[in-house]
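Modelling step: build the complete structure from the supplied sequences, incorporating the hints.
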Amino acid sequence: MKINRTRVGSVGVVTPHGTVTAAEADEFVAALEMTRQSSNGRVVLDVGHVPYVDSRILEALLDFAERQRAAGLTAKLAGVTDTCREILDVTDLLGEFELFDSVDSAVRSYL
Amino acid sequence: MMGPLESHEGQKTSTHVPERMSGKARPVPVCAEVPALLAASEWMPALGDLIRAFSGWLDAHEESDGLWPAFGVFVRERLLDIVGARRTQIFRVDETGRGLRPLVESLGTAARPITGLAEHVLATGRRYIRGDWTHGPLVDALAAECKTPGPEPVGDGSAVGGGAVAWMFAIHGREAASPTTGGPGPALGLVVVGDLPETGPVDRAGLDVLANLIGEFWRHVRDFERLRLAQRTDRGSSVLNREDFLAAAEIVTAEAMRDGEPVVAMAVAMEGLRRLDDNGQWAVRDRLVREAGRVLRRKLRSDDLVGRFSDDRFVAVLRRLDAALGRLIATKVVESIRDATSGILTEAYGEAETAAVMGAHLKVRCGLAAGRRVDGGAAGRRFRSEPTDGNTVSLNDLLAGALSASAAARRAGREVCVAPETAPASVEARE
Numbered sequence: 001m002k003i004n005r006t007r008v009g010s011v012g013v014v015t016p017h018g019t020v021t022a023a024e025a026d027e028f029v030a031a032l033e034m035t036r037q038s039s040n041g042r043v044v045l046d047v048g049h050v051p052y053v054d055s056r057i058l059e060a061l062l063d064f065a066e067r068q069r070a071a072g073l074t075a076k077l078a079g080v081t082d083t084c085r086e087i088l089d090v091t092d093l094l095g096e097f098e099l100f101d102s103v104d105s106a107v108r109s110y111l
Numbered sequence: 001m002m003g004p005l006e007s008h009e010g011q012k013t014s015t016h017v018p019e020r021m022s023g024k025a026r027p028v029p030v031c032a033e034v035p036a037l038l039a040a041s042e043w044m045p046a047l048g049d050l051i052r053a054f055s056g057w058l059d060a061h062e063e064s065d066g067l068w069p070a071f072g073v074f075v076r077e078r079l080l081d082i083v084g085a086r087r088t089q090i091f092r093v094d095e096t097g098r099g100l101r102p103l104v105e106s107l108g109t110a111a112r113p114i115t116g117l118a119e120h121v122l123a124t125g126r127r128y129i130r131g132d133w134t135h136g137p138l139v140d141a142l143a144a145e146c147k148t149p150g151p152e153p154v155g156d157g158s159a160v161g162g163g164a165v166a167w168m169f170a171i172h173g174r175e176a177a178s179p180t181t182g183g184p185g186p187a188l189g190l191v192v193v194g195d196l197p198e199t200g201p202v203d204r205a206g207l208d209v210l211a212n213l214i215g216e217f218w219r220h221v222r223d224f225e226r227l228r229l230a231q232r233t234d235r236g237s238s239v240l241n242r243e244d245f246l247a248a249a250e251i252v253t254a255e256a257m258r259d260g261e262p263v264v265a266m267a268v269a270m271e272g273l274r275r276l277d278d279n280g281q282w283a284v285r286d287r288l289v290r291e292a293g294r295v296l297r298r299k300l301r302s303d304d305l306v307g308r309f310s311d312d313r314f315v316a317v318l319r320r321l322d323a324a325l326g327r328l329i330a331t332k333v334v335e336s337i338r339d340a341t342s343g344i345l346t347e348a349y350g351e352a353e354t355a356a357v358m359g360a361h362l363k364v365r366c367g368l369a370a371g372r373r374v375d376g377g378a379a380g381r382r383f384r385s386e387p388t389d390g391n392t393v394s395l396n397d398l399l400a401g402a403l404s405a406s407a408a409a410r411r412a413g414r415e416v417c418v419a420p421e422t423a424p425a426s427v428e429a430r431e
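Chains as they are written, first to last, in the working numbering: chain A, 1 to 111; chain B, 1 to 431.
Among these hints, one or two may not hold up.
To be verified - Simulated restraints on C-beta separations:
#1 A:Asp101 - B:Gly185: 27 to 35 Å
#2 A:Arg69 - B:Phe224: 43 to 51 Å
#3 B:Thr124 - A:Gly9: 40 to 48 Å
#4 B:Pro113 - A:Asp89: 13 to 21 Å
#5 B:Glu63 - A:His49: 29 to 37 Å
The set of hints was computed from the structure by calculation and includes no laboratory data. These numbers come from a predicted model, not from an experiment. Backbone N, C-alpha and C fix where the C-beta goes; we use that ideal spot for every residue, glycine too.
Quick look at the structure:
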């Protein structure tokens, strides 16, 4: 897995590419948390390049959502594929996240 | 009801009756911007060829799993051959009725919202042809804003980007056409052509006939698929019967192995149905099975496979899931089936008896077995069960593991059991 961290204005964007293995899960969580802190919680997680969501990613996403909620913010996911949306739907976790078709629209939601 | 060769906009094209048929002089085309090189008598045989080609195509694809993508390719190629249509994209209206998905998946599977010109064409059933003055300024304004969402492969193998729309027509079902308003039936699909030759081989009437024919083909493919699905479906529960489930599941697991994705087999057992049978409560029993099938179809994802394995057992193969997530989903499936079947029992026996007797006997349990691809030495990649005991497993092994797990759940008095126990509690603990 490769993780890109970019910045669009004051918003941090984290883009993982590929599947997350057990060894990489911690790295993914750390990258997400680092971006979250450096952008004061104004962060977008672009999941458009993650082929499927397994329990490790779901766990990380829920941690992300909880931390955002604790800071009075919502967890914004961009590029949500049908595969990803279905798994959130079937596990009744869709409501935990704010979903956007693209990174641009997610970033704009912070403006 | 329109016949296959009638124009959808009959009034506008009624002047295009072929010369030989009407015995009158050839009229001026309604849409002067779509002049025809050929007389109707010359392009009509091409439509006959098209019908024969479709018949042959359907024969060749009747066993194909990718019927719709292949149909998309068929239509695109024929439109290129007959009228020189390029940058053709074909969409089906999704389940929500608010989005369009490409038939050919290489274009991407994300649904596009129905807006602008596509919304107009789908809602009214009217066709758009660039340069047709009868559209009026509003439709022309919509068309000016509309771009084909390229890039898209074209007939010569190259790819072109998005651009203006030259021709757009919708496919509608016939079953619910409004008898009072004369409006179209439910929207099924949309054909968008980016480029039509300025001097095409057929005129407006020819394009209308072609669009009507494609509509007929579309509905025929849909009916054919429904029939094929009905043949594969267990009548009691509306999920796949065992034979077809196993055949499809073999493919799914092979694809999962090829793609390196995890896969989970799930067995759902309904205990207590025999008691209903013994008491002559067959109607209630059948309703319970039907409801369980409905819940499984609804709760699982669109590309998950569900089948009826035996009288009181369902099986499913879930792609891209590990054991932990499979367990979470299984818990929700069991809850949903229990809620749904409880309502049926309450309706049949009343709350008191359901709680005291029937509810106590009817149990839903679920067993799971996870498979995943691993690097396997000289033999290459293979499946093996979890925990890793060194034995490779097949689909049959996975299903056997799931069925054993459901039996283990019964022995342990639990609703969900994973074989072997690999699910970490972290995801479940949030529920």
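Consistency of the hints with the structure:
1. A hinted range of 27 to 35 Å for the beta carbons of Asp101 of chain A and Gly185 of chain B is consistent with their spacing of about 30 Å.
2. With their beta carbons about 49 Å apart, Arg69 of chain A and Phe224 of chain B fall inside the hinted range of 43 to 51 Å.
3. Checked against the given bound of 40 to 48 Å, the beta carbons of Thr124 of chain B and Gly9 of chain A, roughly 42 Å apart, stay inside it.
4. Roughly 19 Å separates the CB atoms of Pro113 of chain B and Asp89 of chain A, a value that falls within the hinted 13 to 21 Å.
5. In this structure, Glu63 of chain B and His49 of chain A meet the distance hint of 29 to 37 Å, their C-beta atoms being roughly 35 Å apart.
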